Amino acid sequence: MDPSFLVLQSLSGLASASSLFVIASGLTLVFGVTRIVNFAHGSFYMLGAYLAVTLVPRLLDLSYSPWTFFLGVILSAVLVGLVGVAIEVLLLRRIYRVPELFQLLATFGIVLIVQDVVLKVWGPVDIPGPRAPGLRHGVEILGQRFPSYELLLIGVGPLVLGLLWLVMHRTRFGVLVRAATQDREMVGALGVNQARLFTTTLFLGAFLAGLGGALQIPRLPANSHMDLSIITDAFVVTVIGGMGSVTGAFLAALVIGQLQAFGILIFPKVTLVLVFLLMAVVLVVKPWGLLGKPDAAASRTVAPEGILGLRRFRPPERILAGLAVLLVLVVPLIADAYKVKVATEILVFALAAFSLQFLVGVGGLVSFGHAAYFGIGAYAAGLLVTGPFKAPMELALALAPLAGAAGAALFGFFIVRLSGIYLAMLTLAFAQIVYAVCFQWVEVTGGDNGVVGVWPAAWAASRGTYYYVVAAVVLAAIVALRRVIHAPFGYTLRAARDSATRADAIGIDVRTHRWLGFTLAGAAAGLAGGLYAFSKGSIDPTMISIPQSVDFLAMILVGGIQTVMGPLVGAGVFHALKDVFMPLTEFWRLALGATIIAMVLLFPRGIAGATLSLRPRRPAPASVEASA
Amino acid sequence: MTLLVVDRLNKRYGGVSAAKEVSFTVAAGEMVAVIGPNGAGKSTTFGMVGGQVKPDSGMVTLDGEAITGLPSRAIWRKGVGRTFQIAQTFVTMTVAENVQMALVSHRGRTRHLFADATRLYRDEALALLDGVGMRADADRPVSELAYGDVKRVELAVALASGPKLLLMDEPTAGMAPKERVGLMRLTARVARERRIGVLFTEHDIDAVFSHADRLLVLVRGEIIAAGTPESVRADPRVKQVYLGEAGARAAERAKRLVEVPA
Amino acid sequence: MTLPILTVEALRASYGLAEVLFGVGLTLNRGEVVALMGRNGAGKSTTLKAIMGLVPASAGVVTFADTPVTGWEPFRIARLGLGYVPEERRIFTDLTVYENLEVGRRQARGERPAWTPEKLFSIFPNLAEMRGRRASAMSGGEQQMLTIARTLMGNPAAVLLDEPSEGLAPVIVEQMAEAVLRMKREGIAVLLSEQNLYFASTVSDRAYVIEKGAIRYEGTTAELEENDEIREAYLTV
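Chains as they are written, first to last, in our numbering: chain E, 11 to 638; chain D, 136 to 397; chain U, 5 to 241.
These are computed hints drawn from the structure, not numbers from a lab.
Be aware that a few hints might be false.
Just the calculated beta-carbon pair ranges, DEER-fashion [what the hints assert, rightly or not]:
#	chain 1	residue 1	chain 2	residue 2	range
1	D	259	E	490	22 to 30 angstroms
2	E	595	D	242	51 to 59 angstroms
3	U	114	E	95	46 to 54 angstroms
4	D	251	U	222	51 to 59 angstroms
5	E	332	D	249	20 to 28 angstroms
6	U	132	E	96	41 to 49 angstroms
7	U	230	D	259	51 to 59 angstroms
Computed list of lysine to any residue pairs in SDA-like fashion (alpha-carbon distance at most 20 angstroms, straight line) [said to hold, decoys possible]:
#	chain 1	residue 1	chain 2	residue 2
8	D	213	E	519
9	E	303	U	27
10	E	303	D	148
11	D	213	E	517
12	D	313	U	27
13	D	299	E	303
14	D	189	E	446
15	D	313	U	219
16	D	313	U	97
17	D	189	D	304
18	E	303	U	97
19	D	213	E	511
20	E	130	E	601
As the structure is a computational prediction, the values presented were derived from the model and not from experiment.
Note that CB positions come from ideal geometry on N, CA and C, so glycine has one too.
Chain E on its own, in the form it takes in the complex:
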């Protein structure tokens, strides 16, 4: 290969590394101080880009010079910083002590709200930004032209690193941030008001994300998908670098930049897979990332965020369950075709949410990428019937859970080695691998468009019949999974969640049991995915996307994470609401985001959980019975 080509490829890798670092440094700073993984960091980045494409052209109209261009960029970043301050004061401040799952969900609520705000303000069409005056042309390097703006970006990363170093080492604020990253409690005991420190840190973090976004405008039009596409990359960089370490983020960004630049030459289809594999390997070898330190807070004891105690159905609940089954069975007799379709989807999602509850509520494994196993099942079933095999529906449905289980077993092998926030982020990363494969491997998966023509077998072709197929399979799977929760295996998972120390001391192999539990949940999700593919008649990557994973989490949150059957209620309520309201309002995501945030703040125990707390309780503290 031409050496000059390699140099240029490497330079372009450096340019993306630089941008990535600017964004990731903000995320890692905020995490270091607040211990919150801020999903909305990607939204800050997107806002930075949109503000810049709005402000910079106006400023350039006033005076066309590089200075006004960069003034506009900085101004956009400052505005985003102020948005960060508002979010800290209004939301984050209230959730510093809630479990990590709820923190992630609440900040994802912000993501949804910002998406709708951006659509409302700037519209759905991509907005290209102006090029930077004086940097419009290329520079000749080794006989090849290289864009001069990219060259500038290469310089921005080290510049930001240097400035951050100065702030962190030469200002009182920076010293306090570094001290708080190490020991927040001690900083408080020395008289430092953490709330103020956190607000300022959020300003800096959001500013950096906004800066990263604003700097992109000559290369990338502002668009409404920027937030989620960047946040995964930023997560990967911070996790590989070590959460809270700015220097680690810089190193990780450099490695990833080069990996992407050269990976695309060797494996053009699977560049993303390479990046995520790197992350998986780093986390297994160094569970705290390249320069990260074991998190003292990780060992803090929090009440388990899951099912609190099991018991059999009491008579009223038996009647309710019977009525529910009856209702499920009569739907096709009383509802029109559209409602039957919605009811089919509700059943499918109920199974998916239940399998997630098995992981989160029983196993204490907070999966932020459960859509992966749902999607693997859907794709396996869809590709089996449409691909060269032309397999029958029955076979496809039988293989879907096996595919889900296989995927979960493979990823779970790495995932169960971690805990807490690292575990959640790894599940998300693996889900993004699956998403990337389905998105990029166009020949097989149909890429963005997916594959159509995934129809049930002839005997089940009518909506009503297929509905009964789904109802039978879903009910059987839920009954079986509920049985497992009540069986020694379910108890063992719960034991490991309650106290891994005690579980180990009575001879339980915690890691292996978690891995098996992860695999089982993957199988159930895969089955749900297979059923969903036939109900929709097609497969596409949205089934594996982050929003789909969050929908599942929202379902168990709505239903009540401390109850066994709550997620089924949650799936029903959530999907029915989505179906009713989504066509009515153009602000569906905003409403959903606000609802998630409100749930986290007001009813972290969900609908089923909230009704439980209305019941008279025994006077003893901390006794919360869950409906079985």
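Start from chain E and add chains D and U according to the hints.
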């Protein structure tokens, strides 16, 4: 009969020696206490017997079988039960379920997918709870119990596998004074009845001197004294353990120093 | 000078289910050094943490500088003029000595001159030599001095000192005793937890003995040194 033989265990962390040639034995039915100041190596010694810490050198033998360096789960299978300084229980389960869980694990049935866990080994669990005086509370959530009762449940959990040796890390820590005596009496009775050796660390000197058959005094990773409570109490070196000779000297020098007007 | 600056009444605290304090009561007067004596696990550290708001008190009242501070966040208690030096030192090892002092810096209250790094370096000469060095490179004794210096940067009226002599070489214990007496001369009241009776009697005026989460004895350190019974019962093996 000698149940546990600990032979010249060594462990260093960085340059610091946490255990230096530590040797001792525990007989079946015997209560042996390990005492010493913070950082003397009690936890390290405990960890090396229980499998949480791998010794650099030395041997641990349980009932004639070498268990040196095995992982804690394997050591549990050989018959070593544990209780912790801060009681470790399954807080979302009932008292009986906590014990049943240990029995399920003991019988190797943790991967069973369909049996009803609340019914498995219930009678056995109730019998164990009876032994620690908690049978009446069998169906209460463990999270509702007073801490002293949680410690009793933990003891029943540790006994579920029919251990030969119990490792108890500060069994009375965090308990109300009046509960402490009860728990130690109970432990001593169980140990004698079932011929279980008990190795425990303890800060509560009352508990140590009224219930231990023998004491080991650890200072800076070394056993400086071992023997009956009476002999240890009379040992002049032990008298200084909680003060430290160096510390005492330094303090006296400091005292003289301040008599000079500043 | 017998005005109390800190009073603790019927303080109870627990870690989760494990109860540690069962109604601790004590008083620290202005400018006085008081030792809280007791064995490992008796509840000394928890008492100090509960006073500072680092462990929530389940019952009882803590009054500092005539202000009830029970249930306050630690930073507000610190700003009122109560310093805290933890047993595990908890210095910021990623920061330099100078930066550690900077974290502790707060404006002076009242007419007393503020502590400055230079003034502290004159008391702790070792720190002066390593001011630009990372705290992780310091020895245990130097770290202990740094935690005290860091707390003094907050210009406290009283300091809680948890196990100051624990695990230190004799020569450092001497310096520690000097540091405590220096604080006393500067008019700072000190409540220190201690197992070492010699150290305690060297620096403190009065002592409380705590055992199993409750105060068992109260008196001057001189009396305590004479009282074989109490010493035998609570302080030695």
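Right, here's what the structure says about each hint:
1. 259(D) - 490(E): 22 to 30 angstroms: 28 angstroms, holds
2. 595(E) - 242(D): 51 to 59 angstroms: Since residue 595(E) and residue 242(D) have Cβ atoms about 56 angstroms apart, the given range 51 to 59 angstroms holds.
3. 114(U) - 95(E): 46 to 54 angstroms: 34 angstroms, violated
4. 251(D) - 222(U): 51 to 59 angstroms: 58 angstroms, holds
5. 332(E) - 249(D): 20 to 28 angstroms: Check passed, 22 angstroms falls within 20 to 28 angstroms.
6. 132(U) - 96(E): 41 to 49 angstroms: 45 angstroms, holds
7. 230(U) - 259(D): 51 to 59 angstroms: Once the Cβ atoms are compared, 57 angstroms apart, the range 51 to 59 angstroms for residue 259(D) and residue 230(U) holds.
8. 213(D) - 519(E): 15 angstroms, holds
9. 303(E) - 27(U): Judged against 20 angstroms, a Cα distance of about 38 angstroms means the pair is violated.
10. 303(E) - 148(D): Measuring from Cα to Cα gives roughly 19 angstroms; hence the hint holds.
11. 213(D) - 517(E): 10 angstroms, holds
12. 313(D) - 27(U): 15 angstroms, holds
13. 299(D) - 303(E): Violated, at roughly 39 angstroms.
14. 189(D) - 446(E): The given pair, whose Cα atoms are some 43 angstroms apart, is violated under the 20 angstroms limit.
15. 313(D) - 219(U): It holds: about 16 angstroms lies between the C-alpha atoms, which stays within 20 angstroms.
16. 313(D) - 97(U): Not OK: residue 313(D) and residue 97(U) at ~42 angstroms, beyond 20 angstroms, violated.
17. 189(D) - 304(D): 18 angstroms, holds
18. 303(E) - 97(U): OK: residue 303(E) and residue 97(U) at ~12 angstroms, within 20 angstroms.
19. 213(D) - 511(E): At roughly 18 angstroms apart (the allowed maximum being 20 angstroms), residue 511(E) and residue 213(D) satisfy the hint.
20. 130(E) - 601(E): It holds: about 14 angstroms lies between the C-alpha atoms, which stays within 20 angstroms.
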